[in-house]
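Which chain is which? The protein sequence lines are A and B, in order.
2 is the number of the first residue of the first sequence in my numbering; add one for each residue after it.
100 is the number of the first residue of the second sequence in my numbering; add one for each residue after it.
FYI, nobody ran anything at the bench for these hints, they're computed from the structure.
Heads up, the beta-carbon is just placed ideally off N, CA and C, and yes, glycines get one too.
Any given hint might turn out to be false.
With a cut-off of at most 20 Å between alpha-carbon atoms, the simulated PhoX-like pairs for lysine-lysine come out as follows [claimed, not checked]: (1) B:264 to B:144; (2) B:220 to A:280; (3) B:220 to A:265.
Calculated from the model, a selection of chain A residues having no Cβ within reach of chain B, i.e. all distances over 12 Å [to be verified]: (4) 120; (5) 126; (6) 157; (7) 159; (8) 180.
Residues from chain B shown here face chain A by an in silico Cβ test under 10 Å; the list is partial [unchecked claim]: (9) 168; (10) 223; (11) 224; (12) 231; (13) 235; (14) 237; (15) 241; (16) 293; (17) 297; (18) 367; (19) 404.
Here is what each chain is made of, one letter per residue.
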Amino acid sequence: MELFTNQVLAGISTGAIYACLALALVMIYQAIDHLNFAQGEMAMFSTFISWQLMQWGVPYWWAFVLTIAFSFAAGIAIERALFKPLTKAPILTQVAGFIALYSIINSTAGLIWDFTIKQYPTPFGSSPFLGSQLISTHQAGMIGVTLLMLVGLYFFFQFTRIGLAMRAAAALPESARLVGINTSWMIALGWGMAASIGAVAGILIAPVVFLEPNMMLGTLVYGFAAAVLGGLTSPLGAVVGGFLVGVFENLAGTYIPGVGNELKLPIALALIVTVLVFKPAGLFGRAIVKRV
Amino acid sequence: MSAAAEDVVTEAPAVEAVPKRAMTLGTTTSLVILAVLLVTPLFVKNFIIFQMTMVLIYGLAVLALNILTGGSGQFSLGQSAFYALGAYTSAVLMEHANMNYALTLPVAGLVSFAAGYLFGKPALRLSGVYLALATFALATAMPQFLKLHFLEHWTGGVQGLVVTKPDAPFGLPIGQDMWLYYFTLAITLAIYVGSVNLLRSRSGRALMAIRDNEIAASAMGVNVAQYKTLAFGVSAGITGIAGGLGAIAVQFVAPDGYTIVLAISLFLGMVVGGVGWLPGSFVGAAFIIFVPNIAESISKGLSGAVFGVLLFIVIFLVPHGARQVAIIAQQMIGKLRK
Numbered sequence: 002m003e004l005f006t007n008q009v010l011a012g013i014s015t016g017a018i019y020a021c022l023a024l025a026l027v028m029i030y031q032a033i034d035h036l037n038f039a040q041g042e043m044a045m046f047s048t049f050i051s052w053q054l055m056q057w058g059v060p061y062w063w064a065f066v067l068t069i070a071f072s073f074a075a076g077i078a079i080e081r082a083l084f085k086p087l088t089k090a091p092i093l094t095q096v097a098g099f100i101a102l103y104s105i106i107n108s109t110a111g112l113i114w115d116f117t118i119k120q121y122p123t124p125f126g127s128s129p130f131l132g133s134q135l136i137s138t139h140q141a142g143m144i145g146v147t148l149l150m151l152v153g154l155y156f157f158f159q160f161t162r163i164g165l166a167m168r169a170a171a172a173l174p175e176s177a178r179l180v181g182i183n184t185s186w187m188i189a190l191g192w193g194m195a196a197s198i199g200a201v202a203g204i205l206i207a208p209v210v211f212l213e214p215n216m217m218l219g220t221l222v223y224g225f226a227a228a229v230l231g232g233l234t235s236p237l238g239a240v241v242g243g244f245l246v247g248v249f250e251n252l253a254g255t256y257i258p259g260v261g262n263e264l265k266l267p268i269a270l271a272l273i274v275t276v277l278v279f280k281p282a283g284l285f286g287r288a289i290v291k292r293v
Numbered sequence: 100m101s102a103a104a105e106d107v108v109t110e111a112p113a114v115e116a117v118p119k120r121a122m123t124l125g126t127t128t129s130l131v132i133l134a135v136l137l138v139t140p141l142f143v144k145n146f147i148i149f150q151m152t153m154v155l156i157y158g159l160a161v162l163a164l165n166i167l168t169g170g171s172g173q174f175s176l177g178q179s180a181f182y183a184l185g186a187y188t189s190a191v192l193m194e195h196a197n198m199n200y201a202l203t204l205p206v207a208g209l210v211s212f213a214a215g216y217l218f219g220k221p222a223l224r225l226s227g228v229y230l231a232l233a234t235f236a237l238a239t240a241m242p243q244f245l246k247l248h249f250l251e252h253w254t255g256g257v258q259g260l261v262v263t264k265p266d267a268p269f270g271l272p273i274g275q276d277m278w279l280y281y282f283t284l285a286i287t288l289a290i291y292v293g294s295v296n297l298l299r300s301r302s303g304r305a306l307m308a309i310r311d312n313e314i315a316a317s318a319m320g321v322n323v324a325q326y327k328t329l330a331f332g333v334s335a336g337i338t339g340i341a342g343g344l345g346a347i348a349v350q351f352v353a354p355d356g357y358t359i360v361l362a363i364s365l366f367l368g369m370v371v372g373g374v375g376w377l378p379g380s381f382v383g384a385a386f387i388i389f390v391p392n393i394a395e396s397i398s399k400g401l402s403g404a405v406f407g408v409l410l411f412i413v414i415f416l417v418p419h420g421a422r423q424v425a426i427i428a429q430q431m432i433g434k435l436r437k
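Given the sequences, and given the hints that come with them, work out the whole structure.
This is how it looks when you write it as structure tokens:
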């Protein structure tokens, strides 16, 4: 039983990261109907920025804040420079754009910081949390920061004018334009926020998976699984999906024989395909009707 | 346009429509290119012959993706998985069952066809980004499948397998590399001609109808589900044969040779060559083989960045890839003649 509780709690803490990444994916998906294949790489790059800042002697939390600001600006810049001109292009071209971005960021990070694995510090320490053996302080910190961020986002979208404008731009762009919302900039803002959320996810997971240019590949696939499970059209779904996928991953790794660390990605694949086949709208998403 | 508006979406086309006639080259041009391909190896070094072989092999893999994308409008970021499957099938059959290398290729093709067909079944329900997502996950998961412990006896686990390079048969007085080149060329030619005819046939027209408007195609009586899975299967099958050839040519298979990077390269090759233009597949293949060589010689790890930047340039400047370049060149030559 203790093993079970332990695994569930560990699952929740990694699930928090998947939830962040899934949320970032869903934010961009809602704005432009596309999945950002480079989301994981953007998060990885942000994490490297924060690591570099710390190497230069910046304290952890300052590096944290600076990185988020940088990621926000970078997200907006990428949207303005590269993806805004592609708005009307066929899906294939847009997917090619995301793949190109993925490739550029991954390779650039490797060029700047090389491909060796680096340690990444945690501000929470790794001692047992509140004297319990079940969960470490870093895992508790991951859950805490994620929840804090989610509550902040909820208030932003529910109770601020700009949050309302962003929701309007995503839901009904034409009507939103008619009431004077600059929908094009709302999309850019969505990119900036998604990049910042991704940066938080990267910084939190880095002490667990270690810092290297390919660190986010597995996490990204799980983020996709989480977003698909929750429904690509629902931010709440993405968060719930993230936690569920995290727990599922850990329980499957513990209790299904033959599934260890080495089968983690195939499990995510199976999960994605299963959800897409049996419930393509996910748990919380709305079904889409196509017009001829 | 009323209350239900928010749930109704007119989907943007996944791929721009390419007319059937624009998919291939004229007869004269084809024959000239074939003659060049036949004669060149007699005058160049072994290493260049090897690279030309690899261009043909990757060309086949890109061609397979092109049939899937340019033909039926579905796209896949998971071609590396089928390539790996074909490569491992050939390698395992050659090394453990002592099968003749040429005989392993149909088996590799069949195994990959079956895998592609089965994967195409659930993927049927998916279109556009969802399909890209599922195949992306497939490509990232494949190396882990290949490293599985209980398969280690066959696959060699992380170490992979070493494959012996075949000699020229019937005592022909040519080197291994040259023999392999002509062997690959023959297979490539057969598959290329087959693909062209496939796209020109009734099935090809059905695929293109699905690409341009799925619902309209099904209203015209096209069995959408069957053709889409078949396109997936055929594409995977050809990729598998390319994988098998690739294993024989590089004499080695290992899980880390078939990562998402390979899938991205093949996808890039298709975009650079021009989606839906079959000869472009080989232009794209040459691109993905030679560009990394040049980039890596400048700095290690640079090839990804170069790939990405070039991909953006292609998207922005020549969205139809090499096909567009070929058309522009043709027009310029036409002007010069006047």
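Evaluated hints:
1. At roughly 18 Å between alpha-carbon atoms, residue 264 (chain B) and residue 144 (chain B) fall within 20 Å of each other, so this suggested pair holds.
2. For the given pair, residue 220 (chain B) sits about 15 Å from residue 280 (chain A) by alpha-carbon distance, which is consistent with the 20 Å threshold.
3. Distance restraint check for residue 220 (chain B) and residue 265 (chain A): the Cα-Cα separation of roughly 23 Å exceeds the 20 Å cut-off, and the hinted pair is therefore not satisfied.
4. Interface exclusion of residue 120 (chain A) from chain B stands, the closest Cβ pair being 21 Å apart, more than 12 Å.
5. Remark: the non-interface label on residue 126 (chain A) is consistent with the geometry, its nearest Cβ contact in chain B lying 32 Å away (cut-off 12 Å).
6. Non-interface status of residue 157 (chain A) relative to chain B is upheld: no Cβ of that chain comes within 12 Å, the nearest being about 22 Å off.
7. With 12 Å as the threshold on Cβ separation, the claim that residue 159 (chain A) sits away from chain B holds: the shortest Cβ distance comes to roughly 19 Å.
8. No Cβ of chain B comes within 12 Å of the Cβ of residue 180 (chain A); the nearest lies about 16 Å off, and the non-interface call holds.
9. Checking residue 168 (chain B) against chain A by beta carbon gives a least distance of about 7 Å; that is within 10 Å, so the hint holds.
10. Against a cut-off of 10 Å between C-beta atoms, the interface hint on residue 223 (chain B) holds, since the closest Cβ of chain A lies about 9 Å away.
11. Among the interface hints, the one on residue 224 (chain B) holds; its C-beta lies about 6 Å from the nearest C-beta in chain A, closer than the 10 Å criterion.
12. Taking 10 Å as the C-beta contact cut-off toward chain A, the hint placing residue 231 (chain B) at the interface holds, the least distance being around 5 Å.
13. Given hint, residue 235 (chain B) at the interface with chain A, holds; its Cβ is 7 Å from that chain's nearest Cβ, closer than 10 Å.
14. A cut of 10 Å between beta carbons decides the hint on residue 237 (chain B): the least distance to chain A is about 6 Å, and the hint holds.
15. Given hint, residue 241 (chain B) at the interface with chain A, holds; its Cβ is 9 Å from that chain's nearest Cβ, closer than 10 Å.
16. Hint status for residue 293 (chain B) relative to chain A: violated, with the closest Cβ pair at about 24 Å, above 10 Å.
17. The restraint placing residue 297 (chain B) at the interface with chain A is violated, with a minimum CB-CB distance near 21 Å, outside the 10 Å limit.
18. Hint on residue 367 (chain B) holds. Least Cβ distance to chain A is approximately 7 Å, under the 10 Å limit.
19. Satisfaction of the interface hint for residue 404 (chain B) is found here, the shortest Cβ-Cβ separation to chain A being roughly 4 Å, below the 10 Å cut-off.
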